[in-house]
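Guided by the hints, dock chains B, C and D with the ligands onto chain A, whose structure is given.
4 protein chains.
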Amino acid sequence: MTVTSFFNRQTPVKFEGEGSTDPLGFRFYDKDRMVMGKRMEDHLRFSAAYWHSFTWPGGDPFGGETFNRPWMHGADPLALARQKADVAFDMFELLDMPFFAFHDVDVAPEGASLKESIANLNAIVEIFEKKMETSKTKLLWGTANLFSNRRFMAGAATNPDPDVFAYACGQVKAAIDATKRLNGANYVCWGGREGYETLLNTNLKRELDQLGRFLSMLVDYKHKIGFNGPILIEPKPKEPTKHQYDYDVATVYGFLERYDLLQDVKVNIEQNHAILAGHSFDHEVRLAYALGIFGSIDINRGDDLLGWDTDQFAMNVGELTLLMHEILKHGGFTTGGMNFDAKIRRQSIDPDDLLIAHVASMDAAARGLLAAEKMLADKALEGPVAARYAGWDEAEGKAVLAGERSLEQVAERALGLNPQPRSGRQEYLEGVLNRYV
Amino acid sequence: MTVTSFFNRQTPVKFEGEGSTDPLGFRFYDKDRMVMGKRMEDHLRFSAAYWHSFTWPGGDPFGGETFNRPWMHGADPLALARQKADVAFDMFELLDMPFFAFHDVDVAPEGASLKESIANLNAIVEIFEKKMETSKTKLLWGTANLFSNRRFMAGAATNPDPDVFAYACGQVKAAIDATKRLNGANYVCWGGREGYETLLNTNLKRELDQLGRFLSMLVDYKHKIGFNGPILIEPKPKEPTKHQYDYDVATVYGFLERYDLLQDVKVNIEQNHAILAGHSFDHEVRLAYALGIFGSIDINRGDDLLGWDTDQFAMNVGELTLLMHEILKHGGFTTGGMNFDAKIRRQSIDPDDLLIAHVASMDAAARGLLAAEKMLADKALEGPVAARYAGWDEAEGKAVLAGERSLEQVAERALGLNPQPRSGRQEYLEGVLNRYV
Amino acid sequence: MTVTSFFNRQTPVKFEGEGSTDPLGFRFYDKDRMVMGKRMEDHLRFSAAYWHSFTWPGGDPFGGETFNRPWMHGADPLALARQKADVAFDMFELLDMPFFAFHDVDVAPEGASLKESIANLNAIVEIFEKKMETSKTKLLWGTANLFSNRRFMAGAATNPDPDVFAYACGQVKAAIDATKRLNGANYVCWGGREGYETLLNTNLKRELDQLGRFLSMLVDYKHKIGFNGPILIEPKPKEPTKHQYDYDVATVYGFLERYDLLQDVKVNIEQNHAILAGHSFDHEVRLAYALGIFGSIDINRGDDLLGWDTDQFAMNVGELTLLMHEILKHGGFTTGGMNFDAKIRRQSIDPDDLLIAHVASMDAAARGLLAAEKMLADKALEGPVAARYAGWDEAEGKAVLAGERSLEQVAERALGLNPQPRSGRQEYLEGVLNRYV
Amino acid sequence: MTVTSFFNRQTPVKFEGEGSTDPLGFRFYDKDRMVMGKRMEDHLRFSAAYWHSFTWPGGDPFGGETFNRPWMHGADPLALARQKADVAFDMFELLDMPFFAFHDVDVAPEGASLKESIANLNAIVEIFEKKMETSKTKLLWGTANLFSNRRFMAGAATNPDPDVFAYACGQVKAAIDATKRLNGANYVCWGGREGYETLLNTNLKRELDQLGRFLSMLVDYKHKIGFNGPILIEPKPKEPTKHQYDYDVATVYGFLERYDLLQDVKVNIEQNHAILAGHSFDHEVRLAYALGIFGSIDINRGDDLLGWDTDQFAMNVGELTLLMHEILKHGGFTTGGMNFDAKIRRQSIDPDDLLIAHVASMDAAARGLLAAEKMLADKALEGPVAARYAGWDEAEGKAVLAGERSLEQVAERALGLNPQPRSGRQEYLEGVLNRYV
Ligand SMILES: [Co+2]
Ligand SMILES: [Co+2]
Ligand SMILES: [Co+2]
Ligand SMILES: [Co+2]
Ligand SMILES: [Co+2]
Ligand SMILES: [Co+2]
Ligand SMILES: [Co+2]
Ligand SMILES: [Co+2]
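Protein chains in written order, with our numbering: chain A, 1 to 437; chain B, 1001 to 1437; chain C, 2001 to 2437; chain D, 3001 to 3437.
If we strip away everything but chain A, and leave its shape as in the complex, we get (with noise of 0.2 angstroms):
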């Protein structure tokens, strides 16, 4: 292996067990380790995130650049782009990652015009194939960025100019071109502008009909080049506009309803994102596992007190667990994985940060994984659940489900009813959860 000088190691992060103090050797993340039957690789499919770790300089709303990167500043956008691809990969190798997933233009530079654009993004592709063909490391998903350039202020689909929204599609068209290219396991759209500042200058039901018709031709296009993995959509309920229309799980459920889009798009589901619309993790990763749409995890964590998207590094075991005991009581992932949608505070300025947050974050999910499957061998909260439902399971309550009762007959029978509440457990079930986390 031979890495750029960007690094201050040469050979990847290992596994060294609970007991290490190692800030870059695992304690939990065990690659080959078992776990019902899967490895654990196979079942976090981790994947690293190119715009957070390359091409965020660490500025905030107050502040500039703070990194530094070697790669942001020459005169060369090509060049330089393929010194980024070069870091990049060297971190694959070091984590030992083996996803990871970008946006058009964190990967190459935006040209004068977007034939210049597809160009440049199709030779930094070029670039990612051949390392590709060495490294273990695999597209988790494509996408495009349709939220950066000032020509997107007010949206992609969802601009009031229809020409904004062919440019949209050349770009998407693009995106998904090169994420077929390189085998992408996914293909993603979060639609930060498409929402808006002010209701005062908006048609509202005008840009959801855009958005509904961009994603039938996006879905129409994916099967005529025989792409095979999903669309998602990634729901978040604002910022950068004050109103996204992806809000949440739920209202893209209904969207997809609307358009007809149920068969082919599913949701990419970010810890932040969630908060922000007012739900917990678990219960958006529930939800989409309910309506049938769990596609995928951008795995991070915002922070409960704030009100922006802080994109922080995963490092809660407790909410992990929960996680992960959703997705292993669902058979565990089929296209999606978990992808590092997290970047390192503005101050960690040092190369190892990027390193450190990474294998920190790794540990707690996959500690979070370790005790997600022995919760579910000891049906630890299924036992509980099933038993507070079992009325259900019994022939009068399958008859009601099943539609064979009329609202008079319940309500006749009702009559002799007098039901009494039983104990929900909370605070029982709370403890019995950290007794495995």
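These are calculated hints, taken from the structure and not from any lab test. From a predicted model like this one, the values you see are computed outputs, not experimental measurements. Don't take every hint at face value.
Computed list of lysine-lysine pairs in DSSO-like fashion (alpha-carbon distance at most 30 angstroms, straight line) [stated by the list, open to error]: (1) C:Lys2131 - C:Lys2205; (2) A:Lys242 - C:Lys2242; (3) B:Lys1242 - A:Lys374; (4) B:Lys1242 - B:Lys1014; (5) C:Lys2242 - D:Lys3242.
Covered by chain D, according to a simulated footprint, are these stretches of chain C (three or more residues, beta-carbon under 8 angstroms) [said to hold, decoys possible]: (6) 2210–2219; (7) 2269–2279.
We treat Cβ as the ideally placed atom computed from N, Cα and C, and that holds for glycine.
Frame of chain A, contents of chains B, C and D with the ligands only:
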């Protein structure tokens, strides 16, 4: 007119004109004034809410009763309920109120059994029926309280115990029967306990299915008895539970699609519930119209800095103007109206406070109606919005929206485009709005 | 030991070791285990709260009583109060609880006059006194409820009516007298109504002065009667009122400075109140120590996604570890302790739920204590923090902080400087924390 | 008047009367109109903010520059700074703006060293000096930007590195020197990085002491150079950091008390920062007056549904009325004014948008001023408030507040009292307010 001794006033509140300083005189609400071809009273369709005004004793989570209403203390529950009904209809008359709304348990005491509770309800309904023969006040909607009694602590339709589901069927049947008997224009379902306190003890998917079944049974029954009004779901994201299934308009839409209820069920939108879900009132109303499920309004306001349902009387003319602008744009209410799901503060203990609050809020809404009328006449907002989207009314835009273009076609066209952003003009439009309010 | 028939258990909960799966056995709380030179029990100083466990009936803003405790229903209030006291001391014994805390109205019924209320209080205090002769359970603190009765709806000390202020004085004098009689370690003031519902009717400055006077009178009285413990203010930003004057630790500090109360008054910090004010629990505790006003803890937790005071049992080991880390760093509690200002969920209606909740939370805190002990031994956080600020321990840094440098001098020195940022290492430290919890 | 070609307008905006529909004409802001004995312009003391209007390129966390201002692109930073100054003074003239405010880095480019940065600043200050000889526009305040450069990523005064503290001293000395030279009325400190990202790496107490020292040095220097205006701290609870030390008015008050700065330091209150801290704007202003630290206003507005600082132009007449009511009650501004710390939305890309936003907001504030004048004349709020507290103006109330009563004395008196609650009349007062706005 003969009113009880509760209110210190014998004559209805009247329109006195903008210059009036009488808190018991209308400054803008001039019921017979014509607005876009309809009487103001017929536009606004105000409704008094039985619960807040007559059954809430003034308690909050840290304090008990403050109002000490005479009809809340006594040995004979039915006698007290009759006394309450007298005061209620007095208030309706004093406010010249065109509608009212009630829950079953607001108007009649719960009995020792469901049978007795229904009997109590019917006894009061009979009294209402007589009063309504001479009163102008009609029933905007009826509903069943499926959240206060401890039997519903874990939900009604979504309860783990099918007997509780059955009990809820019994109550809801009696309530819609009563609503029909009183010629109610709508029937409302607020799922205050249809949610969860913790996911640890919850089967989310099963509960959604139970809720779908419950609504379907209610819709079938509505058709069977020939109840003409719509069923309205009132979205609320949380409180009393941690998370309610009818989170917001978008969520309810998806639910109605999923359980095939879109033909018969619409939404009753409350301002305070909108902001608890992270949406502006205007957003929820617009979205309901866009999705074809707008039904009615619970007119009140929350406190932007508090995280619970304060249900204050709406006083914000700007917000009410945007509300009426939206409603007028869509031709006004059909079966819906503006129900005062609002309570006077617990410190507002004088009987007059009850009248003053309604008068001030009715006036604010009337002022909003007049402002909206003028804005529509001037196309103050509609003009700039139409201009902003004009490109989509041209041939290519129309073709795209009509599904006549593939992604490749549009992407190909985009290669020659370099769309330039145009000003969103938000501050200009905010200034325009300030010209009208 | 003879316990009432309320709990289905006759023997105290015991330490059973980490492997136990008994919800009524301690896994970490091993009271005699030595931690940094002190018994675990003496470190944690747990206290049961009379109000949540014995006087709250399970209601919420949309629903009534769920618990149906036997001592809540009966004709003779004092007899019920005695029965309640029996159950309370049974619970203390079953949990081996070292402390408890109460409000005047929790333990004794309010009478028809202040005089009668005080007599009722004293009657129960006498019972407590006798029970405490044989029980190990001591009084952590007493307090007066100046918020539930309607006379306090507009505040107690901050009421616009000086007679209400006087009434509050009467109650608080009796409550501190009772606290002294029972050898309470502290006296607490929570200003639940010392705030406003609307600024429109409020003279904010005058109310602050009233509150300052009230506290000063209480401090004078405390000295006069020789009550040795501190007066503790419990900050809370809102709920029940829109805005409370004791918003958070920083606000209380400024208030104490302004009214010259810093010598005698400290703070009782609650987790749920901290997050309602936008702060982490850790922040409030650290700030109180930094400002020299740390007193005691109300141990509970809020729901990060809800905007009201849920007062749930603390179960988050990570948060409790940081709490104990801070407290241990400062040498542990003096008069303070960890009072369970926590209520079981209203669906947790079984008597066992009350025990299980306390056990699970005591265990979580004990686990936090053990983790904190280890972190301190390893200087896991203290080491990196000290290194980060090392520059300030050198001569020039010290001189600046000692006030020995003027702005011009330092500015002059700066002309030759080009300070380079150093990594904040947040993810590293988060990973370290995860090694201990 | 000769303006640059940036604005499509050569003549100042004029008062045109309420009937005007010109977005570039004032409807209420009639600068010479007398209000309570003073010209409207002298009451409102509007100030333009250099940063938002001239240095912000329109970026947000997910998107880059939208404005493409000519002075933001070019090879010679000082030449661009001069061009920017020309446009700025053009805008001041077009808006007839009485004041402006700036940060050091807004007006002049940072150099390769502190020395060079100061030289650049002074070069532009010299240009300002000349322009101000003929312009009516005065300097409301100056300030130093101690948050954008990466050297401040971990704080300025609160940095773990004393060299960064020193650098901040160098910048702040130059900035207050410049402010004095330009006859600035105040000097402002906003501690955007004086906080923390995580407590794990933070010594909170030490940082507070550093901040206290920094302010003390600045106050000493202010006296030394004979700068007459106050130092103003601008509270903000969070953003960019997770938690800022100048959280809100109450926190700043306690800080000033602690470090003995109350004589020289006051607050500059911003609406958006108020609501991010959980307070209404009115609350923060009232509290600052009550505590004697009111200084100046950053006039803008946040979005009640968003958790970050949107800094929108203030348009809410009701809120502005309450603001002006409070300021008028206290005799109006002294050194302070109303600084437009507000930015046009990033989609408002036309030069006219900059003018229109200021005009609309100035008009809204002027309308608030006129409404407040009338309310005060009518004692619309002051009358009811005074009546509500009348009891405290009687002998016993006064004696209590004067410290002439002990707790026992008042408690004794209370034995004979049974105070009855009186209505808080909130809805009545809300209706009254609606009569004026
Ligand atoms: Co994401
Ligand atoms: Co995110
Ligand atoms: Co409602
Ligand atoms: Co409500
Ligand atoms: Co507490
Ligand atoms: Co609490
Ligand atoms: Co500001
Ligand atoms: Co701001």
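query = Straight-line Cα separation of Lys1242 (chain B) and Lys1014 (chain B) no greater than 30 angstroms?
reply = Cα-Cα ~43 angstroms, so violated.
key: Given hint Lys374 (chain A) paired with Lys1242 (chain B) - CA-CA distance at most 30 angstroms   = 28 angstroms, holds
request  = Mind taking a look at whether chain D covers the segment 2210–2219 of chain C? Criterion is 3 or more residues with CB to CB distance under 8 angstroms.
outcome  = With 5 residues close enough to chain D, the hint holds.
message = How does the segment 2269–2279 of chain C fare against chain D when you require at least three residues with a CB closer than 8 angstroms, holds or violated?
response = With 3 residues close enough to chain D, the hint holds.
query = For the pair supplied as a hint, Lys2131 (chain C) and Lys2205 (chain C), is the alpha-carbon distance within the 30 angstroms limit?
reply = 45 angstroms, violated
ask   = Is the hinted pair Lys242 (chain A) and Lys2242 (chain C) satisfied, with a Cα-Cα distance of at most 30 angstroms?
value = Within the cut-off at roughly 26 angstroms; holds.
task = For the pair supplied as a hint, Lys2242 (chain C) and Lys3242 (chain D), confirm whether the alpha-carbon distance does not exceed 30 angstroms.
result = 24 angstroms, holds
Hints 1 and 4 from the earlier list are contradicted by this structure; the remaining hints agree with it.
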